[in-house]
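Engineer: Fit chain B to the supplied structure of chain A, relying on the hints for placement.
Line order of the protein sequences matches chains A and B. Counting with my numbering, you get residues 0 to 331 for the letters of the first sequence. Counting with my numbering, you get residues 133 to 487 for the letters of the second sequence.
Take the hints with a grain of salt, since some may be wrong.
[As the list claims (entries may be wrong)] With a straight-line Cα cutoff of 25 angstroms, these simulated DSS-like cross-link-like pairs (lysine-lysine) come out:
| hint | chain 1 | residue 1 | chain 2 | residue 2 |
| --- | --- | --- | --- | --- |
| 1 | A | K254 | A | K264 |
| 2 | B | K249 | B | K261 |
| 3 | B | K380 | B | K137 |
| 4 | B | K209 | A | K264 |
| 5 | A | K228 | B | K212 |
| 6 | B | K209 | B | K249 |
| 7 | B | K249 | B | K260 |
| 8 | A | K228 | B | K249 |
| 9 | B | K326 | B | K137 |
| 10 | B | K249 | B | K212 |
| 11 | B | K209 | A | K254 |
| 12 | B | K261 | A | K228 |
| 13 | B | K209 | A | K228 |
| 14 | B | K137 | A | K228 |
| 15 | A | K204 | A | K21 |
| 16 | A | K21 | A | K1 |
Bear in mind the hints are in silico, worked out from the structure with no lab data behind them.
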Amino acid sequence: MKDLIRSLTIPSGPSGYELPIKNDIRQIVTPFIDECYEDILGNLYAVKNAKSSSSDKTVMLVAHMDEPALSVIDMDDHGFLRIAPLGPLRPSALVGARVVFARTGRRGIVGADHGIALKDLEFAHLFIDIGVSNPTDANNYAQIGDAATFAYGFDEIGDHMIVGHALDNRVGCALLIDALQHAQSEYTIVGVFSAQQAVGSRGAKVAAHRIHPNVSLVLDVSPTGDTPKSENSALELGQGAGIKVLDASMVVAPKWRDSLIEAAKTAHARYQMDVSPHTTSDAGAIFLTQDGIPTCGLSIPARYLFTPSQMVHLDDVTSAQQILSSWLSRLG
Amino acid sequence: MLDGKQLLIRLTETAGGSGDESRVAGVLREAAESLVDEVTLDSVGNITLITRGTGDGPHPRVMLTAHTDEITLMVAKIEKGGFLRVAQVGGFDSRTLLGQEVMVHGTSTIMGIIGSKPPHLSTLEERKKTIPLQELFIDLGMSEQHVREIVAVGDRITMNRHTIHLLGHRMSGKAMDNRASVTAMTICLDELRKLHHHADVYAVGTMQEEIGSKGAQTAAFHHMPDIAIAIDVCHGETPGVSSDLAKKLGEGPVLTLGPRIHPKLFTAVRDLANMENIPLQVEVSQGPTWTDADPMQIVQIGIPTVLISIPLRYMHTSVETLDFEDIRFAGILLARFIATIDSAFVEGLTCYLKN
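Isolated chain A, as found in the complex (with noise of 0.2 angstroms):
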């Protein structure tokens, strides 16, 4: 799982250009399912069929394939490119960071102008310098428009901890792909890895109107509560997945919160309750689809979430995949 995880958080996937990361995914999922498309939002669909051809129900797992990036809005007569957040950045988190083109390849480090403080910085005080001096040369590696994610890869700390700019939800991808290759379930299986999550959920909006399934259930990251001042969150890392209680965007049915308790219990996998008022996922669109549909999650407790150096631990992987795993069995 580790390697797994290690290999996804590599290729970009920026909101609205996620390319490169679904190219690799399609490639992973493709032996083991039974069907895979793509459509218009550049959703990513691979679809496993129920144990036995009589079941007509449906389940569908969401993990959003795309990650928070920084898009390229002007250039100046060095070449500096200057940029705008696509998605949830903060530009505090971004002075001196490395970052890589989703189209190109090519790397370049954020800059900030002079004699600007930390807390007064915005997104207009920033630029991408891509190592050249003047535009036409870097109108070879970068044009307007264009969209550059972190570029830091994954790390190990310790025994149990993994650390890398796109664990949010690279994590959550790997989950699915794991589940689309083991799991066993009366119910079809479509795993969605979703586009343009972090600008507003739009991919799993239409991958919801488009398979309208009986039960849905979103595989994301949530913030912990357990470092210095944090927010008044029970999360914690090492502790077991989050079960998901309420996010940001919906409140999941007690029905289907409860039948992920049972399916932790089953199989003997640690969990929390992931109370994360503050947090968006793709819940809420999926839920709010057509004439509804029910909708819960499993969440990764992660630290330093819209930063280049998320932290996950390994244990609260593990956790999630065996409660999934139970739970889609337990379907039915």
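Structural biologist: Quick look at chain B alone, frame taken from chain A:
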């Protein structure tokens, strides 16, 4: 015979936060099941009471909504010593939370009180400020171990408040927003039994309104009515609030005019109230009404939508206060309006402004 005040008391004293509306839906079902032809529950938490019209030809389809959820708190963290830190589910006025008695719905329901640092131990600066939600906590009077046996992160917290009668028809309690409208909807269903109506009526107790009108949107998609009527509360006259923002208690339900509202529906309801001598007040909105009306208007190909509100003081506190007469009149007005709806009227709604 439907006892509206008793129903309102039962509804308001029942706990049912957003996403956890089943107990309230249960009370509604018990009260209204005998008044209608059919009751359905959908997969996401809405309850629909269906009463069919009479007469030949296709029946116009009218949907009423009254959201069943109330604002609650939720256990976000259990701290050392067994104190609970909380998150909002919907928007309590956090200035009013300190000193409240609450019920924590764990494996059993237990009482608690909301505390914070006493004034004696606060600095002058701290005393001038409202205590923010993240600094409030709930004290259950138990050891941490005992708390952890009963309470878990994610459990609901509701206000412990009995609904009381004030003078006249005034009543006060928690969750009047929006059990007042659930009551008005039930009164409407009761009234409809006395009337001939052509329209089929889908009265929906909608879920998760307080966190963004979720149930109304999915229910409207499902039923796809010809006309949607949202019932909710609006601000009641209060010292310090200007009269365009707050309506009088006891002077009738409030009809909204604005971009979310179909102008012909507005006119039809207003004219009917005039003709039938039912007191009615008018409120003007420049955009969002922050009710079920907003999402319903733009479901699928669009739905002609209108909004009836019950004036209510001290919204989003545990002492929401209203006049029961406004609820009763809302129910009667809705029933009489529904009785006037025929196919020609529905067809006329597709021509937005022409007469």
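Engineer: Against this structure, judge whether each hint is valid.
Structural biologist: Hint check results:
1. A:K254 - A:K264: holds, 15 angstroms
2. B:K249 - B:K261: holds, 13 angstroms
3. B:K380 - B:K137: Given pair K380 (chain B), K137 (chain B) holds - Cα atoms ~20 angstroms apart, limit 25 angstroms.
4. B:K209 - A:K264: holds, 21 angstroms
5. A:K228 - B:K212: The hint holds at about 15 angstroms.
6. B:K209 - B:K249: Holds - the C-alpha atoms of K249 (chain B) and K209 (chain B) are around 18 angstroms apart, at most 25 angstroms.
7. B:K249 - B:K260: holds, 13 angstroms
8. A:K228 - B:K249: Holds - the C-alpha atoms of K249 (chain B) and K228 (chain A) are around 18 angstroms apart, at most 25 angstroms.
9. B:K326 - B:K137: holds, 20 angstroms
10. B:K249 - B:K212: holds, 16 angstroms
11. B:K209 - A:K254: holds, 22 angstroms
12. B:K261 - A:K228: Measuring from Cα to Cα gives roughly 21 angstroms; hence the hint holds.
13. B:K209 - A:K228: The hint holds at about 14 angstroms.
14. B:K137 - A:K228: Measuring from Cα to Cα gives roughly 48 angstroms; hence the hint is violated.
15. A:K204 - A:K21: The hint holds at about 18 angstroms.
16. A:K21 - A:K1: holds, 19 angstroms
Hint check: a violation occurs at hint 14 only; the rest are consistent with the structure.
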